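K.L.:
Read off the chains here:
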Amino acid sequence: MSAGDTAWVLASAALVLLMTPGVAFFYGGMVRQKNVLSVIMQSFSSIMVVGVLWALTGYTLAFAPGNPLIGGLQWLGLRGVWFSPYAAYAPGVPQLAQMAFQAMFAVITPALIIGAFAERARFGPLLLFIALWSLLVYDPVAHWVWGYGGWLRSLGVLDFAGGIVVHMAAGTAALASALVLRPRYDFDGSVIEPENVPFVALGAALLWFGWFGFNAGSALAAGGLASLAFVNTFLAPAAAGLTWMIVTWAVRGKSSVLGTMAGLVAGLAAITPAAGYVDPMSAIAIGASAGLVTYGAALLRVRMRLDDSLDVWAIHGVGGMWGAIATGIFADVGAAGLLYGGVRQFLVQLVGVAAVGAYVFAASLALFKLMDLAMGFTVKRHEEAIGLDLSEHGETAYPEI
Amino acid sequence: MSAGDTAWVLASAALVLLMTPGVAFFYGGMVRQKNVLSVIMQSFSSIMVVGVLWALTGYTLAFAPGNPLIGGLQWLGLRGVWFSPYAAYAPGVPQLAQMAFQAMFAVITPALIIGAFAERARFGPLLLFIALWSLLVYDPVAHWVWGYGGWLRSLGVLDFAGGIVVHMAAGTAALASALVLRPRYDFDGSVIEPENVPFVALGAALLWFGWFGFNAGSALAAGGLASLAFVNTFLAPAAAGLTWMIVTWAVRGKSSVLGTMAGLVAGLAAITPAAGYVDPMSAIAIGASAGLVTYGAALLRVRMRLDDSLDVWAIHGVGGMWGAIATGIFADVGAAGLLYGGVRQFLVQLVGVAAVGAYVFAASLALFKLMDLAMGFTVKRHEEAIGLDLSEHGETAYPEI
Amino acid sequence: MSAGDTAWVLASAALVLLMTPGVAFFYGGMVRQKNVLSVIMQSFSSIMVVGVLWALTGYTLAFAPGNPLIGGLQWLGLRGVWFSPYAAYAPGVPQLAQMAFQAMFAVITPALIIGAFAERARFGPLLLFIALWSLLVYDPVAHWVWGYGGWLRSLGVLDFAGGIVVHMAAGTAALASALVLRPRYDFDGSVIEPENVPFVALGAALLWFGWFGFNAGSALAAGGLASLAFVNTFLAPAAAGLTWMIVTWAVRGKSSVLGTMAGLVAGLAAITPAAGYVDPMSAIAIGASAGLVTYGAALLRVRMRLDDSLDVWAIHGVGGMWGAIATGIFADVGAAGLLYGGVRQFLVQLVGVAAVGAYVFAASLALFKLMDLAMGFTVKRHEEAIGLDLSEHGETAYPEI
Amino acid sequence: MKKIEAVVRLEKFDAVKGALEAEGFTGLTAYRVRGRGRQGGVRLQWRGVREFRVDLIPKVKMELVVDDGDVERVINIISRAAYTGEVGDGKIFVIPVEDAYRIRTGERGRDAL
Amino acid sequence: MKKIEAVVRLEKFDAVKGALEAEGFTGLTAYRVRGRGRQGGVRLQWRGVREFRVDLIPKVKMELVVDDGDVERVINIISRAAYTGEVGDGKIFVIPVEDAYRIRTGERGRDAL
Amino acid sequence: MKKIEAVVRLEKFDAVKGALEAEGFTGLTAYRVRGRGRQGGVRLQWRGVREFRVDLIPKVKMELVVDDGDVERVINIISRAAYTGEVGDGKIFVIPVEDAYRIRTGERGRDAL
Ligand SMILES: Nc1ncnc2c1ncn2[C@@H]1O[C@H](COP(=O)(O)OP(=O)(O)O)[C@@H](O)[C@H]1O
Ligand SMILES: Nc1ncnc2c1ncn2[C@@H]1O[C@H](COP(=O)(O)OP(=O)(O)O)[C@@H](O)[C@H]1O
Ligand SMILES: Nc1ncnc2c1ncn2[C@@H]1O[C@H](COP(=O)(O)OP(=O)(O)O)[C@@H](O)[C@H]1O
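Protein chains in written order, with our numbering: chain S, 21 to 421; chain C, 21 to 421; chain A, 21 to 421; chain R, 1326 to 1438; chain B, 1326 to 1438; chain P, 1326 to 1438.
One should not assume that every hint holds.
[To be verified] Here are the simulated lysine-lysine pairs, DSSO-like style, with alpha carbons at most 27 Å apart: (1) S:274 to A:389; (2) R:1327 to B:1327; (3) C:400 to A:274; (4) A:400 to S:274; (5) S:400 to C:274; (6) C:389 to A:274; (7) A:389 to A:400; (8) S:389 to C:389; (9) C:400 to C:389; (10) R:1327 to P:1327.
It is worth saying that the hints were derived from the structure and are not from the lab.
Quick caveat, the model's predicted, so the values are computed rather than measured.
Please put together the full structure from these sequences, using the hints given.
P.N.:
Here is the structure:
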């Protein structure tokens, strides 16, 4: 065991925890004032609900050795998860630290989804959804890709830090929700007035900061690989943000602040699966191309008049997916992508993307549909009109004004 | 000496420093707009005043080997505190790092208290209070519990990261202030309008993030114990936050955002003394029970019509106290609590709580009373009416609007 | 190579990255509402533009072995910068990590400058300025002082973490801009209404937090030296903040919140060059004296009626310069300052300050003048009137209100 | 000329604005206010520990200066679009205006509207 | 009917509101404004390095539409509750109202108040 | 007495305020509003992916209660200082005021201004 590795993994876990409040501000600043608390509350709830659930069942289902589809139950309630490392995952750190680090990933994934039905979801069903989705979708998919014996891991799918498991999965669930749930009553195919754009920038800053833990921490050791992932997590979003800045400038005549923030996050999502497998110049290429691809996806979403108004699908879904594919193209560290003759790796990445995409989409669609039928997932018209802060929580963000 | 341990302790110290600005926003968002700057200023002042004082006198009084009641003076002005470790505290890190880490604890404790007399304290007396309380109350108590030769440490009192020394002490001083100082002129037994609830959430996020340094850093080494403390610092607040969420839902019909944030912090305060002594399932139990206990305390405070309106006593005082007692019940790592036959440990914890509680309460009561008589601790009626930002600092938070 | 050192350098690099958004809020809160997004956008742009540029050319120009004036081109596009350490800089960490850490310094320096022409710079020319200044000013100066073979490094100039390279350079460029660029049309020698003072405090908190990485990370190893730098980064700003608090109290009758935040940052800038060379008591002395010196500089700036309204020159320029000189006075760790008989060291520091000051001033003056003539650096009168958020970015910070 | 001052629910503002535009009344000035009528005020939670009454609740106040002959129509449009039938629907007041002036053109009176 | 417009100190608003309620005047609309009168404006600090004058200072403006016969009483209540004797206590203006309309019920005139 | 209500551009407010002061009209009350006239509204970006029309644009509304004889002068001062010639310069309305009251002194009518 290594104190240095443990220090890095613990610091990284703390950084990743901060990302979920980052999501709260990133999303919260984009909704209207009457809904900002509801978004914050939903994000924090994801930490609390999934956190407890992860300790009870999630960790064992995702990471305990089991069959190719799901983990065993030997670590139920964290039984036996203790100070000694579990070498298959991280030989240098206590298993408790590896478990905590992974917990933060489980926590943020549902928090990302909530942007898709912001301003209209009922709080109770939302909590239930978070718990069920985490159990039925996140845990199995994490097992497939990262779990000891998981079938996609065995196949050789590369997903360094969750481009598939976290971002593509969240974005795909967001797409499913936008197809199943009614749009906001006042949604006209267009968008909404952001309450507080500086909060969006604050959220983006916390996300970027935390993402260094997310990606570089995924090396689960403090060495060259972590350093590489760190560098790539710095360069790819810079390139993606610049791309959105330039594209919005070219298209609209002025560079958009909100667009640049979206671009940053898109670049982060895209580099996530690739962070430890590509060199820095490839990271710039992946970031820049991700900027273009996600901008196109955002345009498409508007054209489809889908009320995934915070663009969870376009930014995280498409960004993460593109990153997973790009890993199959650019990989040159510990693996060989298409550019380096790795045809098989490229195809394997496609299989990974397709398999996870299909399962997450189908399962999420079913879950949203069933829950909506069974209990109603969205609020009543007049509740939406007065805003979720008052109707769901009996509070307002700025009572004094 | 270990680079890994040092990296972790330095990172933790930085995390803990961030908690005091976290308090500034957590409290600042709950007061009215005309007082938000004063709360921020008071919190930052605690960093500055106690920071300098700690280097001059605080560290030696608390941590230098001395008698059972107070530390010696050999480290006055940090003389001799340098690169080599002081093995009784942390064999793996330079003593300077251990000193800096502890400085952050000294800094945040008075900052927690200021919530009790928010919106009515004069700034000058407040600064003096911070300095005197730190010298007369914090330093001795830290020595008793943590100092080499301190009598409670010798007795075997367990306080992993300051549930007694920091949270219970701050909450007890808050209670004393609420008994001695006049309530706000416009206090009607009820509460106030929070200026900015998203700031409260921001503060809660920074607190939680920083608390990983607070608790897991208190292992003073990056290994299994730190990992355990980390995990517990994740699970207990999640459980406590969920508890407040559910209780407010049950009692009021809607789950409260402010309440959930209060619950998170209560869970953090409660797990602080226990973090390295209990297993994760016990942490969940401690968090959930802390949620109930602190909710009850908050109700009681309202019923007593005490103007400790940000509930420093209910959240930190009662939360920290309950955590210290719970450590005596649930401890099963490196110690045995009541559940594991440790009757003595349980009683020792009660002694620790009672001794510190009594001393802090009496000393704080006397200090507030004397200072109030000598110089007046609270502002004049019309100063309170126009708000402390203008009356004490000549500035307003949002001059433009 | 050491996992502990690597963990610390990576954590530090993440901390330093967070400082640039810290600047965004520190500055953004001080401008008027109609310009807050422009300041945020400019800060984030510095991360993106300089980040990509650093990987392509900046790192090699600054850090590759070359001649005394500029680095070689062997690391262009990060060629060969990989997992093994480059011993001349940091024997314990992968060169990629050292590169990433330094990237954050290159990123924040131009972001500091933008405060000098807030509320009136055109976005396009600003981006070009950031790129050119980074290339023509920052990279050479970093090479002189820190680069292997750089002439000031060879001479023995001490600049632990960038008091000269980052803060004095940024402040000097700010001064040049204030002399060349037109003031704001509505500038009357006085100042402006800050939009959101809590944002200023948030920015100060993120800056202080990140500065622990900035200074203590500059040890490039997790040991005694990092711990010392950490402690000094805690004490000096505390002393400087207290100084501003007291001085504003004495001069104006009330202690200023904005002034105290300015003092904190001034103390941080001043301790930066000294952090690993002085003992903690000297750090307090440097901080307190920096408080006085920068307060005087701020007064002078107002008297000169210069429209460097966020006081980049007074705080960073003068603070960093004073710190570099003070290093030549107080140094007693690994070097000897004036107080310890080190006359040569003192003179060498003066040479370093003079040489960098002269070059940065001349080059920045020329750059601003040429760019202003060639393309116009500032917006039109009516664009300034409606604010840069709308005129440059087509967005507003709070569209809803 | 008359000034129509209407205090309506926040959530009805878009509908009212749209209805006015549809009937050709584009000119208006609006701002957030807090009001109290017969309506009780909302109860907000304080951490779920206790409620507190906010007896002034957020509303939008709109002002339209119109020709005398349009007053009834405007009242009609607003009251239809703002109606829910619940307490708190709001009020409309009619206030005399003696003159109007358009800054850009210098036009006065009815022409300035 | 008349509209009473009163500009009062922020810190007196609660007292004024309470006094009006105590005498049965519950209906009112209020909002933050910034005003200037004979009063000088406040001086704020800029980092303690220099002062800047904010010549418009924050106030609350309240509007109550009342029956003609209540005008004097309301002026009395407000002016007593808002009084401090210092510059900046504020002003009250009386403006004619020609009609009132309650959206919920369709009542008009005095009945609508 | 008359109340002059002027809605002007945000960026012209300082100039208007200064011009009024220069001519001796210090008393005024001002607040932010959002307005719509013939002017189209601004187009804002949404992440550069699509525009959205904000059809109400921010303005400042100023109110001055003045003596009948000062009305023309005040209109003149405001309209000169607020003028740009572009759509959106704003409007001025004149409304009768029946009485005024200074809270601090109890003065009434013209003396209260
Ligand atoms: N007498 C009044 N003077 C000024 N504003 C009033 C008056 N009465 C009501 N209002 C405004 O109208 C709003 C709605 O009035 P309310 O009485 O709640 O509705 P309703 O007429 O349906 O009972 C209030 O919030 C307040 O802003
Ligand atoms: N002529 C006026 N027109 C409109 N509002 C006014 C006028 N004079 C004063 N006010 C408003 O009344 C407030 C208080 O006036 P002020 O003159 O400061 O108080 P006092 O009457 O005690 O001298 C001002 O802030 C302003 O909002
Ligand atoms: N009929 C009206 N009633 C009330 N306010 C109006 C009216 N017409 C215009 N306004 C206000 O005046 C502002 C400027 O009007 P606008 O028509 O845009 O300028 P212009 O007169 O130059 O065409 C609007 O934003 C609105 O606040």
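K.L.:
With reference to the structure, classify each hint as holding or not holding.
P.N.:
For each hint, the structure was consulted:
no. : hint             : verdict
1   : S:274 to A:389   : 25 Å, holds
2   : R:1327 to B:1327 : 15 Å, holds
3   : C:400 to A:274   : 16 Å, holds
4   : A:400 to S:274   : 16 Å, holds
5   : S:400 to C:274   : 16 Å, holds
6   : C:389 to A:274   : 25 Å, holds
7   : A:389 to A:400   : 17 Å, holds
8   : S:389 to C:389   : 63 Å, violated
9   : C:400 to C:389   : 17 Å, holds
10  : R:1327 to P:1327 : 15 Å, holds
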